[in-house]
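Participant: Just need the whole structure built from these sequences, with the hints factored in.
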Amino acid sequence: MDIALTLIAIALAILLIIRFKVDPVISLIISSVFLGLSAGVGLADTVKEITGGFGEIMGEVGLLIGFGVLIGSLLQATGTFRALVEIIARRVGGKLPYAMTAALSTIFPSIYVDVQVVLASPMARQAAPVVDRKRGLPWLAGAIGVGIFSGYVFVVPGLAAVAVAGLLEVPLGRYLVFGVPIGLATALLTTFIFRALLAAGLWDETTDIDPDEEEHPDNAGHRAYLARADAESGAMTSGATTSGTTGADADLDHPDEVPERALRLPLLLRLSPILVPLVLIAFGAFMDLFDRSNDVIAFIGDANIALFVGLLIAFVIGRTTLGSDGTEGALSTGFRTTGEILLITGIGGSLGAVIKATGLGDTLKGLFSADAGAPVLISVLLAWFIAALLHFAIGSVSVGAITAAGIIGPVVASTGVDPVVIGLSIASGAMFALHVNSNFFWMFKSLLGLSTKGALKTLTLCTSLGAVVSLPMVLLVSLVA
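For the sequence shown, the positions run 0 to 480 when numbering that gives the first Met the number 0 is used.
Take the hints with a grain of salt, since some may be wrong.
As a list, the in silico DSSO-like pairs of lysine-lysine whose alpha-carbon atoms are at most 27 angstroms apart [said to hold, decoys possible]:
(1) K133 with K355
(2) K94 with K133
(3) K94 with K452
(4) K452 with K20
(5) K47 with K355
Simulated from the structure, these hints should not be mistaken for lab results.
Facilitator: Next up, the structure:
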């Protein structure tokens, strides 16, 4: 009965989000209340579990999410992302898709996914003819999509990664140690496979590019576009910095938006707000792994302290290069983004607490039982499938991952499987098939000048490939975790 009521509650949330366009926060609260009351938790205890679950997950990841978003906002304001992509484009040429997806999946998960695609798209469109005159754009588009979401779900401080780790009570350092190699390998391998599919004839310019874009073969400006691309190709291969954009992207990549003082700073210094926390967290995790940790190492390796150090570095760089007003503006943008993310993450914790209070954990132990014939495989596949199904239905990677973690979290301890393996399984499944019910899908389509069919062939296909490619890697982790 508990399973049936939980399924009804989840179906209710999905129906409210998809059919009636109700905000996920409101939908999940309604589902939590319904589940608590229908399962006999009681009026007072339902409220207690909702607020208690919210507070518990906020205690785990609230500061981490806030610090991460603010760091990303300051990095965006100082032009760090654009500078890195331009350097990569000049140095790697035709291998740009691999370099870009590697950077997105490892260095920039602290930047919110919408911001990443806004910043990466102009460079992708500009560099596409340099990579491959006919298939450069789809290859780069696919690389961007899988790179962004591999980092988002696997790499701390990616918001989905932090939320899943918090809900499953996985130490962030431990999640980072296993998540970074999986995220990077997933992005690179998927980009390689997608290139092979493009070579096999997957892409059709006449149907996969938006007819209104000048890159479209039937557009009268297509020859002029290619001529400009040839000129830009020469500039890029000779080492010159290029900054031209096309169409609606021009305003997104204008160099005047970033003060000259910020552009003059060494790129490594501008990246330090990301790199320093990662080093501190990884150092603490490895010291703990080899039983060499102490109070000082545990303190500096704590993810909250490490990300706060990163935020302090970003703040100092911002005040030095952007001035007081510019820094406050960047922080204000970050604060606006943080509120929604914290709410949806907290409500995921509320749902998990209500599920736990219903006694569903005892029922689910049969599905996630360490006594089953193949416990690790069954647990991993179930976690992957639940996350994939929720994401496919709801249209949000983070909501799908958080909801899956909220459902599975109460019974992780009884599975006999390391929680980090379950967390990575959820992350893998939550990537699956980002498609038309996602706001990101339409932003991606528009910024890269693709038709709906073209966006399905790039973003949807590559995130699906990424989910499938990463699953065996998670199983490998289960052998050593």
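Participant: Against the 27 angstroms threshold, does the CA-CA distance of K94 and K133 hold or violate the hint?
Facilitator: holds (15 angstroms)
Participant: Keeping to a limit of 27 angstroms between CA atoms, is the pair of K47 and K355 held or broken?
Facilitator: Distance of about 12 angstroms is within 27 angstroms: holds.
Participant: Does K355 sit within 27 angstroms of K133, going by the straight-line distance between their CA atoms?
Facilitator: This hinted pair is violated, its Cα atoms lying about 53 angstroms apart.
Participant: For K452 and K20, compute the direct alpha-carbon distance and say whether it is at most 27 angstroms.
Facilitator: holds (24 angstroms)
Participant: Check whether the Cα positions of K94 and K452 lie no farther apart than 27 angstroms.
Facilitator: With a Cα-Cα distance of about 25 angstroms, the restraint between K94 and K452 holds, given a limit of 27 angstroms.
Hint violations for this structure: number 1 only, all remaining hints satisfied.
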